[in-house]
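Read top to bottom, the protein sequences are chains V and E. Counting from 1, position 500 in the first sequence corresponds to residue 500 in the working numbering; the numbering is continuous, with no gaps. Counting from 1, position 36 in the second sequence corresponds to residue 36 in the working numbering; the numbering is continuous, with no gaps.
Since the hints were derived computationally from the structure, they do not count as laboratory data. Quick caveat, the model's predicted, so the values are computed rather than measured. There could be a bad hint or two in this list.
[As the list claims (entries may be wrong)] Here are the simulated DSS-like pairs of lysine-lysine, each with C-alpha atoms no more than 30 Å apart in a straight line:
id: 1; chain 1: V; residue 1: Lys225; chain 2: V; residue 2: Lys310
id: 2; chain 1: V; residue 1: Lys225; chain 2: E; residue 2: Lys32
id: 3; chain 1: V; residue 1: Lys563; chain 2: V; residue 2: Lys579
id: 4; chain 1: E; residue 1: Lys66; chain 2: E; residue 2: Lys32
id: 5; chain 1: V; residue 1: Lys151; chain 2: V; residue 2: Lys444
id: 6; chain 1: V; residue 1: Lys579; chain 2: V; residue 2: Lys444
id: 7; chain 1: V; residue 1: Lys151; chain 2: V; residue 2: Lys137
id: 8; chain 1: E; residue 1: Lys32; chain 2: V; residue 2: Lys219
id: 9; chain 1: V; residue 1: Lys219; chain 2: V; residue 2: Lys296
id: 10; chain 1: E; residue 1: Lys66; chain 2: V; residue 2: Lys137
id: 11; chain 1: V; residue 1: Lys225; chain 2: E; residue 2: Lys66
id: 12; chain 1: V; residue 1: Lys151; chain 2: V; residue 2: Lys310
So you can see what is in the structure, the chains are spelled out below.
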Amino acid sequence: MLNQPITPAAFLSALGPGDKPAGLPSIFQVGDRILEIGADLSRIPAGTPTQRIAVLGALTTDYLIRGVACAVLQEGVLPILYQAPFGSWVQEVLNPASGLFAFGPELVVIALHWRDMVAPVPIDASADAVDAVLAPKVSLLRAVWGQLVAKGVKIVQHILVPPPPHYRGMAERLAPASTANQIHRLNAMLLDAGRGLVTWVDMESLANGIGTRRFSSAKLYYAAKLDHDPKFLPDYLPLFRAAWRSVNARAKKVLVLDLDNTLWGGTIGDDGLQSITLGFGSPAGEAFQDWQYYIKGLGERGVILAVCSKNDPAIAETAFSHPLSVLCRSDFAAFECSWNDKAAGLRRIAGELNVSLDSLVFCDDNPAECELVRRELPEVAVVCAGTDPSAFIGLLDAGHWFDADGYTGEDLSRTAAYTARASALAEQAGATDIGGYLASLEMKGSLVRPADADIPRMAQLELKTNQFNLTTRRYSEVQLRSFLERDGVVVLAFRLADRFGDHGLTSTLVAIREGDALRIDSWLMSCRIFSRSAEQFILRGLIGLAAGMGTKRLLGEFCRSAKNAVVADLYPDLGFAEKDGGMFVRDIENTDAYLVSYITDIGNA
Amino acid sequence: MADDDLLALIAGTLGIAPAEVHEDSDISNTRKWDSLRQIMLMSELETHYGLELSDQEMLESTSVVKIRAVLSSRSAG
C-alpha cells in the first residue's frame with residue numbers, strides 16, 4: 001500500500017480530543033501519544049505548527065505535562081515536550097548546561113507548590129517580618145525568570161494554591177504569618193515582580209471553585225507527590241489554554257451571540273416584544289437578565305460584542321427596546337441578522353470588524369447551529385448554551401475564553417471604538433471618494449515618545465497584533481523600556497481619535513540607527529485603524545526624526561508570518577524601493593505623494 | 001464474564017484493548033499499567049463507583065483481584 005502523505009491538520013486532528021471536554025483517561029492517552037511523537041520528530045508531517053514546551057514543577061508533573069500537551073493540541077499546535085527531573089526545577093534553569101537548555105524551550109510552564117514557598121516564622125510575626133522572609137523566594141524567581149527571558153523563552157506560571165487547614169479559624173485570617181496569608185502575600189509579590197514577564201494560570205481560583213480540600217488532595221500528595229488531584233485535569237485545560245493564548249498572541253476578541261433563546265426566552269419574531277421572557281416575573285427571565293448583565297460586563301471589559309441570528313433585522317432590534325433589556329443595540333459592534341447560514345454570518349462579522357475568525361467565540365442555544373459552525377469553521381470557538389439560562393454564565397466562564405492578564409485603558413473603551421469603526425465603515429459604503437471619506441472622519445493623531453504609563457499597552461499591542469505587524473518581533477515591557485534608554489533608538493506611540501470615538505494608543509514603532517540609515521525594526525498597528533492614512537502620518541513623523549538625527553535613509557523590513565499578508569506591500573506603497581531579503585529602502589528627503597495623510601497632528605495634546 | 005464492567009473500566013482508563021484485561025491482570029503483567037497510571041485508575045474507580053479510597057488502598061490495589069476485594073468490602077459495609 002502506498003504511504004499517503006498526511007496533511008498537518010489531519011495529523012493533528014487524528015491525535016487529539018478535538019475541542020470537546022476531555023476526561024482524565026482521554027487527556028492522559030492523548031498526552032502519551034504526543035510524548036511518543038516528541039521522541040521521534042520524523043513522524044511529524046512537514047508544515048505542522050509546533051512549539052517546544054518545558055514543564056518545571058516542584059512535585060510530580062506527569063499528569064500536568066499531559067494536560068499541557070492536550071491543551072496546546074486543542075489550540076492547533078503540536079507541543080514538543082520536556083519534563084524537568086523531579087524536584088530540580090531551580091537547577092534546570094540556573095545551570096546553562098542543563099537538560100532544559102539542551103532541549104531549547106520556546107515556552108516554560110512553572111508549577112510550584114506552597115510547601116516549598118512558606119517560611120518558618122512564628123505565628124505572631126508582623127507583616128514586615130513576613131515580607132522580609134518571603135523576599136528571598138521572590139529574588140529566586142526573579143533570577144529564574146531572568147535566565148529564561150534572556151534566552152527569549154516565554155513563561156507561564158501557576159499561582160500558588162494556599163493549603164486547606166485553617167487551624168484556629170479567624171485567628172489565622174488575621175495573622176500575616178499564617179500559611180495561607182504567606183501564600184497570598186507571596187502571590188501578590190510575585191505578581192508584582194513578574195509584571196510583563198510572566199503569564200499566570202490562576203490555580204487558586206480553580207481550587208476555590210472546586211473546593212481546596214478536594215482539589216489539593218492530601219492523600220495524593222502522600223501517595224504520589226501530586227500537588228492536586230488529576231481528576232480535575234479536565235478543568236485545568238481551559239484555564240491553561242487561556243494563558244497559552246495570551247502568551248502566544250492568540251487572544252479571543254469577539255463574543256458573537258445568537259438572539260432568540262440565547263439573550264431572552266422565546267422568539268421575538270413569533271412571540272413579539274411583550275411575550276419574550278426577560279427580567280423579573282419568572283426564574284428564567286431573571287436568569288436571562290443576569291446573563292445580559294454579564295455580557296454587558298464583558299463588553300465593558302474590552303470584549304467586542306456581536307450578534308449572529310436568523311431573524312429579520314428590524315424585528316430583532318425591537319427586543320432591545322424591551323423595558324428590562326440590559327443590552328442595547330449600540331452594545332454590538334456587528335449585527336448580523338439574516339436567514340443565511342451562520343458560518344457565512346460569522347465570516348461577514350470577522351470581515352466587518354477586521355479580525356480573524358480564530359478570534360471569535362460563538363454562543364448559541366441551538367446544538368444544530370453549534371455543530372454547523374464547528375464543522376464549517378473549526379477555528380471559531382463554540383459555546384453551546386443549551387436550554388437552561390441559569391447555567392449560561394457558568395458555561396461561558398468555564399471556557400476562560402476571554403481571560404486577560406490585566407486591563408488597559410484601551411480594553412475598557414474597545415467596544416466603543418469598534419462600534420465607531422463599524423459606523424465609519426457604513427459611511428464608507430456610501431462614500432465614493434476615499435480622500436473625501438477620510439477627510440470627513442475629522443481624524444486627530446499624535447505621534448510621541450511613549451510615557452512610562454504607555455508601556456503596558458504597547459507591550460499588549462506587541463503581543464496581540466498579528467495582521468499589521470511587519471516583523472512580529474513582539475517586544476515585552478522590559479525590552480521596550482530598555483530601547484527607551486538607548487541612544488540611536490527611536491520608540492514611538494501613535495494615538496488616533498475621530499468624530500466617532502477615541503481609538504487610543506493604536507500603533508507603535510521601534511527604529512534603530514545603523515550608520516547613516518534608520519532601520520524600522522518593529523512597526524505594528526491595531527486593525528481598527530488600517531488604511532486611514534495613519535501609515536503615512538507615522539512615516540512622515542519618522543522622517544522628521546530621522547532628519548533630526550542626521551540620517552539619510554530609512555530601511556524597512558518585512559518578515560512574512562501566517563497572518564501579516566496585509567502589510568506585504570506596505571513599504572512599496574509608502575515609496576520604498578525593494579532590496580533583497582524582505583528589506584526596503586527610502587530616501588528621507590523625499591516627502592511626496594506617497595505621504596498624503598488626512599490626520600490632523602495634535603502633537604502632545 | 002461475571003462483571004466485565006470493572007475490566008472495561010481498567011482497559012478504557014489505561015487505553016488498551018478490553019481483551020488485554022482479565023481476572024489475573026495486575027500491575028506487573030498488564031501493558032500500560034504502571035505506578036503512574038495506577039493513580040489515574042484509582043481516581044476513575046472512585047468516580048465510577050462513587051467511593052473514597054484511602055492513600056493506602058490507592059497504592060496497594062494493584063490487581064483485578066485486589067480491586068474486587070476493595071469493591072466488595074465497600075458494598076458489604
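The hints, checked one at a time:
1. Annotation: proposed proximity of Lys225 of chain V to Lys310 of chain V is violated, straight-line Cα distance about 53 Å (limit 30 Å).
2. Using a Cα cut-off of 30 Å, the hinted pair Lys225 of chain V and Lys32 of chain E holds, with the two alpha carbons roughly 20 Å apart.
3. Of the pairs offered as hints, the one joining Lys563 of chain V and Lys579 of chain V holds, with about 23 Å between alpha carbons and a cut-off of 30 Å not exceeded.
4. Annotation: proposed proximity of Lys66 of chain E to Lys32 of chain E holds, straight-line Cα distance about 18 Å (limit 30 Å).
5. With a CA separation close to 40 Å, the supplied pair Lys151 of chain V and Lys444 of chain V exceeds the 30 Å bound.
6. With a C-alpha separation of about 34 Å, the suggested pair Lys579 of chain V and Lys444 of chain V falls outside the 30 Å cut-off, and the hint is violated.
7. Distance check on the hinted pair: Lys151 of chain V and Lys137 of chain V sit about 22 Å apart at the alpha-carbon level, within 30 Å; holds.
8. Straight-line distance between C-alpha atoms of Lys32 of chain E and Lys219 of chain V comes to about 23 Å, which keeps the hinted pair within the 30 Å bound.
9. Distance hint between Lys219 of chain V and Lys296 of chain V is unfulfilled; the C-alpha atoms sit about 43 Å from each other, more than 30 Å.
10. A hinted pair counts as satisfied when its Cα atoms are at most 30 Å apart, and Lys66 of chain E with Lys137 of chain V does not qualify at roughly 45 Å.
11. Between the alpha carbons of Lys225 of chain V and Lys66 of chain E the distance comes to roughly 23 Å, so the proposed pair stays at or under 30 Å and holds.
12. For the suggested pair Lys151 of chain V and Lys310 of chain V, the alpha carbons sit about 51 Å apart, so the restraint of at most 30 Å is broken.
Checked against the numbered hints above, the structure violates hints 1, 5, 6, 9, 10 and 12; every other hint is satisfied.
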